[in-house]
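Using the sequences and the hints, build the whole thing.
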Amino acid sequence: MASGRIQVRVPKDLWDPSETEEGVIANWFCEDGAQVEQGATIAEVAVEKSTYDVIAPAAGSLTIAVPQDGVVQPGTVIAYIAMG
Amino acid sequence: MPSSRKLTVSRAMSEAIAQEMRADPQTFVMGEDVGAFEGVFDSTLGLLEEFGEERVRDTPISETGFIGAGVGAAMSGMRPIVELMFVDFIGVCMNAVYNLAAKNIYFSAGNCKVPMVLMTGTGGGYNDAAQHSQALHATFAHLPGLKVVAPSNAYDAKGLLTTAIRDDNPVVYMFHKGLQGLVWMASPAGAATEVPEESYTIPFGEARTVRSGRDVTIVAISMTVHGALAAAEELATEGIEAEVIDLRTLVPLDRDTVIESVKRTGHLVVADEDYRSYGLTSEVITSVVEAHPDYLKGPPQRVAMPDIPVPYSRPMEDAMLPNAERIASAARHTTGRG
Numbered sequence: 001m002a003s004g005r006i007q008v009r010v011p012k013d014l015w016d017p018s019e020t021e022e023g024v025i026a027n028w029f030c031e032d033g034a035q036v037e038q039g040a041t042i043a044e045v046a047v048e049k050s051t052y053d054v055i056a057p058a059a060g061s062l063t064i065a066v067p068q069d070g071v072v073q074p075g076t077v078i079a080y081i082a083m084g
Numbered sequence: 085m086p087s088s089r090k091l092t093v094s095r096a097m098s099e100a101i102a103q104e105m106r107a108d109p110q111t112f113v114m115g116e117d118v119g120a121f122e123g124v125f126d127s128t129l130g131l132l133e134e135f136g137e138e139r140v141r142d143t144p145i146s147e148t149g150f151i152g153a154g155v156g157a158a159m160s161g162m163r164p165i166v167e168l169m170f171v172d173f174i175g176v177c178m179n180a181v182y183n184l185a186a187k188n189i190y191f192s193a194g195n196c197k198v199p200m201v202l203m204t205g206t207g208g209g210y211n212d213a214a215q216h217s218q219a220l221h222a223t224f225a226h227l228p229g230l231k232v233v234a235p236s237n238a239y240d241a242k243g244l245l246t247t248a249i250r251d252d253n254p255v256v257y258m259f260h261k262g263l264q265g266l267v268w269m270a271s272p273a274g275a276a277t278e279v280p281e282e283s284y285t286i287p288f289g290e291a292r293t294v295r296s297g298r299d300v301t302i303v304a305i306s307m308t309v310h311g312a313l314a315a316a317e318e319l320a321t322e323g324i325e326a327e328v329i330d331l332r333t334l335v336p337l338d339r340d341t342v343i344e345s346v347k348r349t350g351h352l353v354v355a356d357e358d359y360r361s362y363g364l365t366s367e368v369i370t371s372v373v374e375a376h377p378d379y380l381k382g383p384p385q386r387v388a389m390p391d392i393p394v395p396y397s398r399p400m401e402d403a404m405l406p407n408a409e410r411i412a413s414a415a416r417h418t419t420g421r422g
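From first to last, the protein sequence lines are chains L and D. No gaps in the numbering here: position 17 of the first sequence is 17 in the working numbering, and each next residue is one more. Here the working numbering = 1-based position in the second sequence + 84.
FYI, nobody ran anything at the bench for these hints, they're computed from the structure. Positions of the beta carbon are idealized from the N, C-alpha and C atoms, including for glycine. Take every hint as true, because none was put in to throw you off.
In silico negatives: residues of chain L with every beta carbon more than 12 Å from chain D: (1) 4; (2) 5; (3) 7; (4) 14; (5) 17; (6) 65; (7) 66; (8) 75; (9) 77; (10) 78; (11) 80.
Label pairs and their in silico Cβ distance ranges: (12) L/13 - D/183: 48 to 58 Å; (13) D/88 - L/5: 17 to 27 Å; (14) L/5 - D/417: 51 to 61 Å; (15) L/37 - D/117: 29 to 39 Å; (16) L/22 - D/192: 50 to 60 Å; (17) D/175 - L/37: 41 to 51 Å; (18) L/13 - D/284: 38 to 48 Å.
This is how it looks when you write it as structure tokens:
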């Protein structure tokens, strides 16, 4: 089983920051420290009134870097997943 | 991970509907903006994509037509889930609800079933004015033949909606907009909860004691459960231990749990976001005093909306909502400590 720590990012091309400066974390669906499965919906990012589901890129232990209501931009690291 | 997965109320509702639609091809959804828009309060997330336009049907803005059609579909053997976007819009389609859905099982001596869910957004607190902010719980609970549900959190929202869809009677499922977990409307921290992925049901008519206490019973439902819990925290710092009961369903009403609690505490506060007069608050209090006039050691308290249209003005609306401050004040008053 792979081990290590990977970043969970807001996709770089999710929106154009020259038009809309920032988004927010609308919801976390897992607690800090929770075990998540690859492919699970772990957070929801809101930009204007649109939302985007953040999917866990790997299974492992979640460390939240940006809390609920925290401001994000395209590419922001919002969490880490420790694998293995 | 199922054990630690949290869902908003809106996602819990959408998941319940999807699971029931997978299990029974006769189950379908219709309403205004339930398809591509996935519900203005996110109650039909992902359903159009999975089930298509035949089973997730966007309707015209004609509640009279499509809620009547829902009753007919239910009586023809289907299991419709019909969304009335705001409960405030019930006026134009009330005949289908209270004269048809609620009475046709009785009229047919039980030969017809009406397995229809009318799900509808309730409540204020976000300055949407008098025609988009009402709870109207008692308007439905008053009418024989309807079951009435109003969840306070995501776990209950999924289990109660699954029970509602499987019920052969018409069920009015009243979800508070401010509990949905919408990105544009803040919801209290306790609304999103851990929710099992597998399907489960919660029986109607079973209240849940969400906090134990010896001094006063606070009975709440839907949004007021969160106000009651916040009030209980505040009261605890003053030495008043409040027991908080979430009714979860108005019909059937779990009178026994309330009576058993009041027998121990001797004091009763009932909090509801519906209007004060002729409402749930009075019904709960009467249920106690009618059966046990000797249980109460202080005057029972109703914390509800005053009998006026809900104001658009933020300070005016805030002043009338049955919030934690008003609930705590009522608890101090009835226990003689305020």
